[in-house]
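Quick note, the sequences are listed as chains L and P, same order. Each residue of the first sequence is one higher than the one before, starting from 6 at the first, in my numbering. Each residue of the second sequence is one higher than the one before, starting from 207 at the first, in my numbering.
In short, the hints are calculated from the structure, not lab data. Keep in mind that the hints are not guaranteed to be accurate.
To be verified - Pulled from the structure, derived: some chain P residues nowhere near chain L, Cβ distances all over 10 Å:
1) G230
2) I420
3) H429
4) L436
5) V485
6) L490
7) I506
Said to hold, decoys possible - Heads up, incomplete: computed chain L residues facing chain P, CB under 10 Å, no partners named:
8) V139
9) L148
10) H165
11) L168
12) Q172
13) L193
14) C216
15) Q219
16) F339
17) N342
Note that the coordinates shown come from a computational prediction; the quantities given were computed from them, not determined experimentally. Every residue gets a Cβ at the ideal spot worked out from N, C-alpha and C, and that includes glycine.
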Amino acid sequence: MGRKSVIQANSPSNADTGKGQVSDTPSLDRGQIRPEPALAQKLLEVRDLKTKFYTVDGVVNALNGISYSVDKGECLAIVGESGSGKTVGVLSILRLIQSPPGRIVGGSIFFKGIDLLTLDDRALREIRGGAIAVIFQDPMTSLNPVMRISAQITENIMAHERLTHVQARAKAVDLLAMVGIPTPAKRLNDYPHQFSGGMRQRVMIAMALSCSPQLIIADEPTTALDVTVQAQIVELVKKLQAELGTAVIWISHDLGVVARLADRVAVMYAGHIVETAPVDELYARPAHPYTIGLLNSLPRLDARTKTKLQAIGGLPPNLLGDLRGCPFAPRCRFATNRCREENPTLAEVAPGHAVACWHDELTRAQA
Amino acid sequence: MRFIIRRLLQSLIVVFGVSIIAFGMLFMTGDPTEILLGNGADHMTVAQIQDFRVKMGFDRPWYVQYASFVGKAVQGDFGYSFVRHEPAYEVIMDKMPATIQLASVAFVLSLLVSIPLGVLSAMRPHKPIDRIATVLALIGQSIPSFWLGILLILLFGVQLKWLPISGSGSWQHIIMPAITLAAFPIARNMRLTRSSMLDFMQRDFVRTARAKGISETRVVYAHVLRNSLLPLVTSIGLEAGFLLGGSVITETIFGWPGVGREIVSAIGSKDFNVVQAGVIMLALIFAGVNLIIDLAYSWIDPRIRYDT
């Protein structure tokens, strides 16, 4: 799982075929696909999603009931530090969590009104790479090293569309041209190692776009790339999103990238969403102490010289076992006894702006 | 193309090394004149012995002798067999088809059994099929081939009388020696396939493949297995040598008329020219097979093809 391996490093078994990644939680209605009329306008609606990893050291509570939604054509950014559950949160949508040890133990994921957690393998495969596509973090390891780019793109196309091999190849050429790969017809026969990191990520993007998805999940797609290449990829995704009207979930720990790209931001901490707001609102009026800490820890161009970079004191909590109270309380300078006893839930403080904090008014006044 | 030429040169170096060892064998055991004459020397005068030495060319410096040995060997001339009184090269090449036949059957058998079994195990780790395969692999790796051969003869040859116990000639003759010879490679390759598959299952690109919505079968065969073959090919290359040269015991047990058995009997009768011819011909085949394996490697892994 690339950089996110921290959580799964204690896997009791490295032996997994990846089948059946969803738990048999009895509370979930299985085998039924029922549209939810009330949610028809939302493209994706995640409700109270819980994912755990059953490791030899104990149960890691990677996701502790997160809820969020994505509208058609919207770009939602999920930010947070390593191990906060960002990647697990989005990989759970397509049940791509390594299992064992990972298991989705509760919640629901409605995509266009259909609960993805109730789908059988075949129906899920139709969604994977079709209506929902993923761009992974590390383009160096996310492409098969011994398979030509052409085969890797066309297998995605042919899994979802009734095209001949020749037609699929022609489409692959168009896709490579669209993501800005020079001489695409020639490059199609190359292997991944013949591409640079940025070019490989373009190939990944071309692959993700191949079946005109309505939602693209981008899991830190620029983290492994140079800064200049990062900027190119961000611009590319922005352009394609505007042209194709695709919704994007963009995972990042880079608040600079998020500011340029996202419509809305969800901040994650220790497997919880602690704050969500439209991007301008979040940067202008952050309400959760953790969000404030994140924004303060950014280096600023307009800061006076010799000012020290601010950091959030302490370490993120260990997700092994159950946590009591607000997960951020041990590091929070506003924490009270209530924070240490009760975990706050998301509450709206302004239109579209929700925060999970008992003292958000206090923190905002002080920030 | 440069890759092929480089590998070809490396193979030549291997054969060169083997030729030195094969040539040196004659001298490592003492004065070749005395060895060749054996007890016959007791009835000869010193002058006669010296005559024989000069006739055989043993009085020349070793490098002159080596040069002459190589010069003849490249023309297929390894001298005469002292025992059979026919060219040593022909003695060996008469037996070569039988050895290659046995090695090929064992080789194909080992691949056909080990790879599917390894894949099955990796698909269901720690499930019954995996446990059974693991136990079988343990047995296959630890049983000495002479013992397995004898057990097979006892069961299928003596008790059940299904298969001939010795010799060659029909397809039934090759079954037991092939199984005996293949047991170890089957066990090793099965374990290698299993661990390699399990390793590659965890890779990022396998997750990418799953995210495309392709079938699990395609994920396993097109993505995981092809990558898993890389470490396996190295093992298979070594195995080819093992099957060709290491079949001495199996050939002896089953009376299989191959090169290995011929070399062993030639060593017993101090028929050095035959030993030299046998060792060098096996080395040539071994180098050739490894060359093919290297080329296969570059075919499976494009990174090797282009980086060199």
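Against the structure, the hints:
G230/P, annotated as away from the interface, keeps every beta carbon of chain L farther than 10 Å; the closest lies near 43 Å. For I420/P, the condition that its CB be more than 10 Å from all CB atoms of chain L is violated, with the nearest at approximately 5 Å. With a least beta-carbon separation of about 5 Å from chain L, H429/P fails to lie farther than 10 Å from that chain, contradicting its non-interface assignment. Remark: the non-interface label on L436/P conflicts with the geometry, its nearest Cβ contact in chain L lying 8 Å away (cut-off 10 Å).
Residue-level check passed: V485/P sits 37 Å from the nearest beta carbon of chain L, beyond 10 Å. Look at L490/P: its CB is around 31 Å from the nearest CB on chain L, clear of 10 Å, so calling it non-interface holds up. The Cβ of I506/P does not lie farther than 10 Å from every Cβ of chain L; its closest approach is about 6 Å, which violates its non-interface assignment. Given hint, V139/L at the interface with chain P, holds; its Cβ is 4 Å from that chain's nearest Cβ, closer than 10 Å.
The interface hint given for L148/L is met, as the beta carbon of that residue sits about 6 Å from the closest beta carbon of chain P, less than 10 Å. Against a cut-off of 10 Å between C-beta atoms, the interface hint on H165/L holds, since the closest Cβ of chain P lies about 6 Å away. The beta carbon of L168/L comes no nearer than 15 Å to any beta carbon in chain P, farther than 10 Å, and the hint placing it at the interface is violated. Restraint check, Q172/L versus chain P: the minimum CB separation of about 18 Å is more than 10 Å; hint violated.
The beta carbon of L193/L comes no nearer than 14 Å to any beta carbon in chain P, farther than 10 Å, and the hint placing it at the interface is violated. The closest approach between the C-beta of C216/L and any C-beta of chain P is roughly 8 Å, which is under the 10 Å cut-off, so the hint is satisfied. The restraint placing Q219/L at the interface with chain P is violated, with a minimum CB-CB distance near 14 Å, outside the 10 Å limit. Because the closest C-beta pair between F339/L and chain P is about 40 Å apart, greater than 10 Å, the hint is violated.
Violation of the interface hint for N342/L is found here, the shortest Cβ-Cβ separation to chain P being roughly 43 Å, above the 10 Å cut-off.
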